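Participant: For the sequence shown, this note's numbering assigns the number 1 to the initial residue and increments by one for each residue that follows.
Just so you know, these hints were derived from the structure itself, not from any lab. Check each hint, because a few of them may be wrong.
[What the hints assert, rightly or not] Simulated pairs of lysine-lysine, DSS-like, Cα-Cα distance not exceeding 30 Å:
| no. | residue 1 | residue 2 |
| --- | --- | --- |
| 1 | 90 | 153 |
| 2 | 254 | 153 |
| 3 | 254 | 90 |
[Stated by the list, open to error] Distance windows between CB atoms, simulated:
| no. | residue 1 | residue 2 | range |
| --- | --- | --- | --- |
| 4 | 83 | 292 | 38 to 48 Å |
| 5 | 211 | 42 | 18 to 28 Å |
| 6 | 40 | 85 | 47 to 57 Å |
Since we're looking at a predicted model, the values are computed, not measured. Ideal Cβ placement from N, Cα and C applies to all residues, glycine included.
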Amino acid sequence: MTADIRTTPLGKNPAPPTEKPPARSRRPGRFGVHVFLMAVTLAFLAPLLLAVYASLRPYEETAQHGYFSFPEHLSFDYYRQAYSDSGMGKYFTNTLLIAVPAVLVTLFLAAFVAFAVSRLRIRGGMILLMFFTAGNLLPPQVLVTPLYVLFLKIPLPWWMSDSLTLYDSYWAIIIVNIGFQVGFCVFVLSNFMRTLPQEILEAAIVDGAGVWTQFWRITLPLCRPALAALGTLEFTWIYNDFLWALIFISNPDKLPITSSLNNLRGQFFTDYNLLAAGSVLVALPTVLVFLLLQRHFIAGLTLGSSKG
């Protein structure tokens with residue numbers, strides 16, 4: 001009987017035989033969790049899928065057979081009609097003139113305040129943070145009348161407003177959105193900046209970096225995931241806003257995209273398939289922004305969920 005002799009290089013021990021890891025037993029509860037998550041996902045997607053499905057069918061067909069019937073004709077005619085009849089091109093431009101500056105200024109100001117509160121350790125920083133956070137608890141409807149009266153009395157030059165006041169101008173909507181959104185952004189960014197290693201700023205201070213360098217060249221690049229997540233949320237909220245534009249803008253040519261859907265409603269009859277097509281067109285820019293910032297958005301939401 002010969003022994004099994006395995007030759008190894010001189011001075012080295014033979015490698016132990018590899019063992020397959022034990023198969024992970026599937027827990028019964030995991031299947032239930034997946035079923036629950038799929039049900040919740042379908043519940044949230046059902047209105048959107050129904051709107052897309054209805055926008056591809058003629059109104060006569062859905063009126064006769066119902067919205068849950070099998071389709072006989074599918075086309076994109078309603079999308080072309082919704083875009084032309086509502087004048088969405090003009091309203092898209094108005095919305096971008098409001099949403100883009102509001103988002104950029106909100107994130108810029110919030111980053112300043114969050115850096116001062118969380119990294120500079122100024123006196124009364126916690127009280128200042130509580131002040132900004134408490135602003136989010138105030139219902140916007142409470143300030144409608146005071147802001148309306150105030151904007152009518154604030155003068156603007158002719159090149160900034162046709163009405164020569166803050167009322168009936170894009171500036172009114174931008175200022176209101178900045179005022180109501182900056183508190184939430186300060187709260188999120190300050191908590192995120194506290195998770196950054198303090199040794200990075202200490203090393204920068206030793207190298208002679210000033211406060212502006214610490215903020216602009218060190219802290220702000222590290223906050224890119226949080227800024228991307230906040231930018232996506234803020235753009236979605238400001239883009240979908242309808243209340244402030246309805247109150248502070250009287251010129252129909254300055255209204256944002258959310259008001260263009262009213263142009264698709266008739267006086268005596270409303271084609272809800274056409275309205276569904278318009279709603280899908282209105283929602284496309286927010287979906288596009290999310291797809292562009294998806295990687296940073298998910299990274300910003302999952303920061304701090306695990307150690308290491």
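Participant: The structure should be examined with respect to each hint, and the outcome stated for every one.
Facilitator: A quick look at each hint next to the structure:
no.	hint	verdict
1	90 x 153	holds (28 Å)
2	254 x 153	holds (20 Å)
3	254 x 90	holds (9 Å)
4	83 x 292: 38 to 48 Å	violated (22 Å)
5	211 x 42: 18 to 28 Å	violated (50 Å)
6	40 x 85: 47 to 57 Å	violated (36 Å)
Hints 4, 5 and 6 from the earlier list are contradicted by this structure; the remaining hints agree with it.
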